[in-house]
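Participant: One letter stands for each residue in the lines below.
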Amino acid sequence: MSEVLVVVDHADGEVKKPTYELLTIARRLGEPAAVFFGSPEQGDAVAEKVKKYGAAKVYVVDDAQIKGYLVAPKAEALQQLAEKTSPAAILLPSTFENKEVAGRLAIKLGSGLITDAVDVAEDGTTTQSVFAGNYTVQAKVTTGTPIITVKPNSAAPEEADGAATVEAFAATVSDVARTAQVVATQPRQSTGRPELTEAAIVVSGGRGTGGNFEPVEGFADSLGAAVGASRAAVDSGWMPHAFQVGQTGKTVSPQLYVANGISGAIQHRAGMQTSKTIVAINKDPEAPIFELVDFGVVGDLHTVLPAATEKITERKG
Amino acid sequence: MNIVVCVKYVPDATADRKFEDDNTVDRVGVDGLLSELDEYAVEQALQFREKREGEEITVTALTVGPEKAVDAVRKSLQMGADAGVHVVDDAIAGSDYLGTSLVLAKAIEKIKADPESVGAGAGGVDLVICGMASTDASGSVVPAMLAERLGMPQVTLASVVESQGDQVRIKRDNEGSTEVIGATLPIVLSVTDQSGEARYPSFKGIMAAKKKPLDTWSLTDLGLDADQVGLSVAYTQVEDTTARPPRTAGEIVTDEDGSGATALVDFLASKKFI
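Those sequence lines, one after another, are chains A and B. Going by this note's numbering, the first residue of the first sequence is number 54, and it counts up by one from there. Going by this note's numbering, the first residue of the second sequence is number 1234, and it counts up by one from there.
In case anyone wonders, no lab produced these hints; they're calculated from the structure. It is possible that some hints are incorrect.
Beyond 12 Å from chain B on every Cβ pair, some chain A residues (computed) [said to hold, decoys possible]: (1) 54; (2) 81; (3) 94; (4) 96; (5) 119; (6) 133; (7) 139; (8) 153; (9) 208; (10) 213; (11) 219; (12) 223; (13) 267.
Derived pair list, reagent style SDA-like, types lysine to any residue, alpha-carbon separation capped at 20 Å [as the list claims (entries may be wrong)]: (14) 1251(B) / 191(A); (15) 1505(B) / 366(A); (16) 70(A) / 1407(B); (17) 1404(B) / 235(A); (18) 329(A) / 1478(B); (19) 70(A) / 245(A); (20) 336(A) / 1490(B); (21) 161(A) / 70(A); (22) 1404(B) / 288(A); (23) 369(A) / 1499(B); (24) 369(A) / 1502(B); (25) 1251(B) / 161(A); (26) 369(A) / 1506(B); (27) 329(A) / 1482(B); (28) 364(A) / 1491(B); (29) 364(A) / 1500(B); (30) 364(A) / 1495(B); (31) 1345(B) / 1446(B); (32) 1251(B) / 180(A).
C-beta atoms are modelled at their ideal positions from N, C-alpha and C, and glycine is treated no differently.
Please build the complete structure, drawing on both the sequences and the hints.
Facilitator: Take a look at the structure:
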């Protein structure tokens, strides 16, 4: 069976959930082989994690020569690995950076590229959700090695035993790939809440918060949810851009999405329309967000949310 | 110095966007416009020129698309770009990322080789600027692909752009961090909607745009053959497109004296979220 390369999503060696989702999908296409860009010292720890999700191999690519430059070196390393292993497909978690890596890789390998898949079938047919979630597209790579970036929450991770044999892969990075230099990196402070794109529940606030996110955050914490924001809230400087849900921010597809004081402009809908259950609270009964909801409350979030938070906390008592 | 801004003509996101029978995006039957996210690219190009008083800098807006796509170039000229190029050829229709990036790269190389031919100034192309994504496909991959094809440094997804001499620095929000990226011109740059509000065309700008050079190129002009691009040779194939069934109307309650919170919590409990 051919290998399917799966690029590991991790933060400093800490493997993140989309990796397990991709490994689960990869098993439909062939034998999953995880590709870990990071410190070789962390290779064994990563292998311990991915072996539970069926990774037969773990290629450890030392990122010492890679992480100081933007995107291009990773694409080169993957090209070399693909040429060595002739994989059946290459899967990457759909982040902005990985999409760029995939784009360059597609040119290097002369291979078709599909971005932001929400599902991949056994025959390689992908499903994408497009036009702000109004259309579903089925597509397939017809030339070269299929390169597919897959959105978080696209599959439920299923455990399976894998050998997870660790193999160091020495990539050669050319000079031309080392021209856009990472001059400084500032890690974002952890909020202690779940990651926005991975969370099962997302609670967002918009213009209607008036800049006060306390009710939104309190409600999110009572549900163990991630906190998001609309573009209006980000543009007003109330929340950092990293929290933005929408076309130019994060796309989320949680089990439950709660939109508070968000009108539901197309820019926002593009980022949350595929959520399984949608709830909205808005003072304006005419707000377009109510067209999407499974449940809506016409009311002031500043009174509804604290009251609901209290009731939930009581129930959990 | 020459700056090329890549702009895309897209179906209006507030209109009823749809697909053709061959599963390509309907780019003719739906009202189109310059992609909002490319306006930020035009804006950054103009700011780059304005900050360098005394330097001879020409901004050329480049688009690839059907007849009507020229509107994207026109809008860029109205905003303040100096020259425009529209690559139009029936054979390009249905191109995927690889085809589109190939046509754009060839057009940029042609401008680089002979800038005067499009009314641009002498001296190569030092800066290619793109928006962060198109508002139709939302792929966000073409800028990186252009950097790959042109062999230029990729400086993408900038929320802040600063430059001095031939040095450019940007701020980029990554998944878990914010990074500062530095590179030396010439580069491929893409900018986000955080990079700064795009200007509206002034009346003067709209009038002036009518007199600006606007070239139309075919595949032959770029030295490309019809069998190198388009739907038939795309590396990917769309097999089916389906309109998502409209969400069935949910229950809407009006909050009165705390009834909203109670109903909300009951709903969440009924769905096992609590």
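Participant: Under the constraints set out in the numbered hints, which ones does this structure not fulfil?
Facilitator: 8, 21, 25
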